[in-house]
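The lines below spell out each chain.
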Amino acid sequence: MQQQANSTRRQFLGLAGGAAMLGAIPVVTVRPAEATPAMLASAIQSVTGGAAVRTGKVKLDIPPLVENGNTVPMTVSVNHPMAPEDHVRSIHVFNEKNPQANIANFHLGPHNGRAQVSTRIRLADSQKIVAIARLSDGSFWSASVDVVVTLAACTEDVI
Amino acid sequence: MRFASVIAIALLVAGSVFAAEIPQAERRSGYDFMKPDTKAMQDEDTANPGMLWVLDGEGLWKRKAGAASKACSDCHGDARTSMKGVAARYPAFDKATGRPIDLEQRINSCRTNQQQATPLPFESRELLALTAFVARQSKGAAIEAGSDPQLMPFLAKGRDLYMQRQGQLNLGCTNCHDDNWDKRLAGSAITQGHPTGYPLYRLEWQSLGSLQRRLRACITGIRAQAYDYGAPELVELELYVMSRARGMPMEAPAVRP
Amino acid sequence: MASALINVPAKARRGDIIEIKTLMSHVMETGYRHMASGELVPRDIITNFTCRFKGSEIFRADLFPAIAANPFITFFTTATESGKFEFEWIGDQGFSETASASITVE
Numbered sequence: 001m002q003q004q005a006n007s008t009r010r011q012f013l014g015l016a017g018g019a020a021m022l023g024a025i026p027v028v029t030v031r032p033a034e035a036t037p038a039m040l041a042s043a044i045q046s047v048t049g050g051a052a053v054r055t056g057k058v059k060l061d062i063p064p065l066v067e068n069g070n071t072v073p074m075t076v077s078v079n080h081p082m083a084p085e086d087h088v089r090s091i092h093v094f095n096e097k098n099p100q101a102n103i104a105n106f107h108l109g110p111h112n113g114r115a116q117v118s119t120r121i122r123l124a125d126s127q128k129i130v131a132i133a134r135l136s137d138g139s140f141w142s143a144s145v146d147v148v149v150t151l152a153a154c155t156e157d158v159i
Numbered sequence: 001m002r003f004a005s006v007i008a009i010a011l012l013v014a015g016s017v018f019a020a021e022i023p024q025a026e027r028r029s030g031y032d033f034m035k036p037d038t039k040a041m042q043d044e045d046t047a048n049p050g051m052l053w054v055l056d057g058e059g060l061w062k063r064k065a066g067a068a069s070k071a072c073s074d075c076h077g078d079a080r081t082s083m084k085g086v087a088a089r090y091p092a093f094d095k096a097t098g099r100p101i102d103l104e105q106r107i108n109s110c111r112t113n114q115q116q117a118t119p120l121p122f123e124s125r126e127l128l129a130l131t132a133f134v135a136r137q138s139k140g141a142a143i144e145a146g147s148d149p150q151l152m153p154f155l156a157k158g159r160d161l162y163m164q165r166q167g168q169l170n171l172g173c174t175n176c177h178d179d180n181w182d183k184r185l186a187g188s189a190i191t192q193g194h195p196t197g198y199p200l201y202r203l204e205w206q207s208l209g210s211l212q213r214r215l216r217a218c219i220t221g222i223r224a225q226a227y228d229y230g231a232p233e234l235v236e237l238e239l240y241v242m243s244r245a246r247g248m249p250m251e252a253p254a255v256r257p
Numbered sequence: 001m002a003s004a005l006i007n008v009p010a011k012a013r014r015g016d017i018i019e020i021k022t023l024m025s026h027v028m029e030t031g032y033r034h035m036a037s038g039e040l041v042p043r044d045i046i047t048n049f050t051c052r053f054k055g056s057e058i059f060r061a062d063l064f065p066a067i068a069a070n071p072f073i074t075f076f077t078t079a080t081e082s083g084k085f086e087f088e089w090i091g092d093q094g095f096s097e098t099a100s101a102s103i104t105v106e
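Chains as they are written, first to last, in my numbering: chain C, 1 to 159; chain F, 1 to 257; chain B, 1 to 106.
It should be emphasised that the hints constitute simulated quantities derived from the structure, not laboratory data. For clarity, every value in this text was computed on a predicted model and none was experimentally measured. All C-beta atoms in this analysis are idealised placements derived from N, C-alpha and C, irrespective of residue type, glycine included. Mixed in with the good hints there might be a few duds.
Claimed, not checked - Short derived list, chain F residues pointing at chain B, Cβ under 8 Å:
1) 46
2) 47
3) 49
4) 51
5) 190
6) 206
Input sequences plus hints: build the corresponding full structure.
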C-alpha cells in the first residue's frame, strides 16, 4: 500500500518538474533577485566610464570565511601616496550576489594621509567582493576577494 | 542488529548520567570561539555596537519616570557604585514572589513598585538599554548567580530543563553544550553556552538582545515550542546556565555571531 | 537617546596620521526584506556620511543597503592643527544626525 503512494507522489513530482520546465506551472521564488555579473560590471562601468582598470595597489581585507553574513568587518586600503599632486581620490566597493552591486563609495583627499577605510558589510551569499580605487591622475586600480558565507546553524524563525 | 542498538542505548544513558557541569578550570567564554575580527568588535568600546545601548541606558537611568516621577538615580545614585557586581548575581531570589527573577524583571519590578510606571516590554529598546547599562557595571566581576540556598529548588528545575530532550530534533541543551562543544555545527562553532556577556550584540540579530531571546532562539532552533518571554521556565533556565558559568568574568555587552 | 560613538585621539603631534572611528546607531533596513504577510519592508538606510574639520570636508562616504546595521566607519587624517571634527549622517526618511569631537595638536 505504502509503496504505491510513494510511486504516485514521485510520478506527480516528476510531472510537475517537467511541466515547470515547459513553463506550464509558474514557479514562485521567495529569494530577492540577485545581482548578476552583468549588474556588477555595469556598476563598475558607471564609476570607471569604461576606462582600463589595472589590478594592484588595492588591498581588500575580509575574512575568507565570515563569522556571520549580516555583519562582516572589511578594511580596504590603497598602497599609494596621498600627496597634493598624486593621491587616491576615491575607493568604490562592489559585490557580486547581493540584490544590489554597490556596497559603498569613499571619497578621499591628500589630507587623509593614508587611503584606508574600515566598515562592516552585509553579504547575502558566498561571492566575490571588488574594490576599485580612482587616483588623482585618472587611473583605476582594483582588487577582488572571494568570500565564503554560511547561514547561521540554527534558524530562529518560527516557520 | 539488536546488539548494536543495545550498545547505542547504553551509550546514550551513560552520556546523560555523566553529563555534569564543565569543571571550573575548563570553562571557556563564547569569546574564545570567535574569529579575531569579531573579538576586535567586542574589545573596543567605540567599535562595540552594544555600547550604543549602554549609552542610551545611562541616559534613561537619570530620566524621571512614572507617577512617582523618580529616576533610577534618585534611589540608586551613581550606577558605577550602586550597581557594581549586581548583574553577576542575577537571576536572584525575589522575596516578594518567592521565585528567582532576572535583571530585566527586577528593573520592571522597580518601575512598577518604586516609580509607579508601566513595565517596559521585553526586548524593547529601553529595557535592553537599562539592562545593558546595569550589566555593564559588572564588567570583569566573577559570576556568582545561584549561590543563594533559597534558589536550590529552582536551580534543580533549571537543570532538568537544560538536560531534557525536546522538539522535533529531540535535543537537550546538554547534547551540544556539554557533549559537543568545540565541534562545529554547519560551520558555526559550538560553544559551552555560558551567558557571560548578556545582554549582547548578536551579529545574527544586528541588534542587542537578552539571554531570554537567545534561549528562545535555541529552543526554536531545535524545533521545539519556545516559552514566552518572562515564563518561569526561562528564568529557571537562565538561573541554571548562569550558575553553570560561576566564576567566569562578566563581559556585558558582549558581541557574538 | 545617544546615537553615536566617536573615537578621535584627544591629542596628536603635527603631521601625525591618526585614525578616526565612528559608530552610529541605525537599523539600515535594506528594503529587500518581506514581512510574513508578504509586504515589503521599506528601505531605511543612512545614505551619506561626511566628516569636516574646521568646516572643510575631509572624508565622505556614500552608503548602500549592503552596509551592516549600526554603521561603523573608520578613516585616517593628518593632524595639522587643533580644532573640531564635525560628523554628519544623512539618510532615508529625513534621517539627520551630527556629532563632534575636538583634538589638540601640538
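*Any CB of chain B closer than 8 Å to the CB of residue 51 of chain F?*
6 Å, holds
_Hint validation: residue 190 of chain F versus chain B, beta carbon distance must be below 8 Å. Holds or violated?_
25 Å, violated
*Holds or violated: is the Cβ of residue 46 of chain F closer than 8 Å to a Cβ in chain B?*
4 Å, holds
*asked:* Holds or violated: the hint that residue 49 of chain F contacts chain B, with Cβ atoms closer than 8 Å.
replied: 4 Å, holds
*Tell me if residue 47 of chain F is really an interface residue toward chain B, meaning its C-beta lies closer than 8 Å to one of theirs.*
Since the shortest Cβ distance to chain B is 6 Å, the answer is holds.
_Quick check on residue 206 of chain F please, does its C-beta sit within 8 Å of some C-beta on chain B?_
OK, holds: residue 206 of chain F within 8 Å of chain B, min 4 Å.
Checked against the numbered hints given earlier, the structure breaks only hint 5 and satisfies all the rest.
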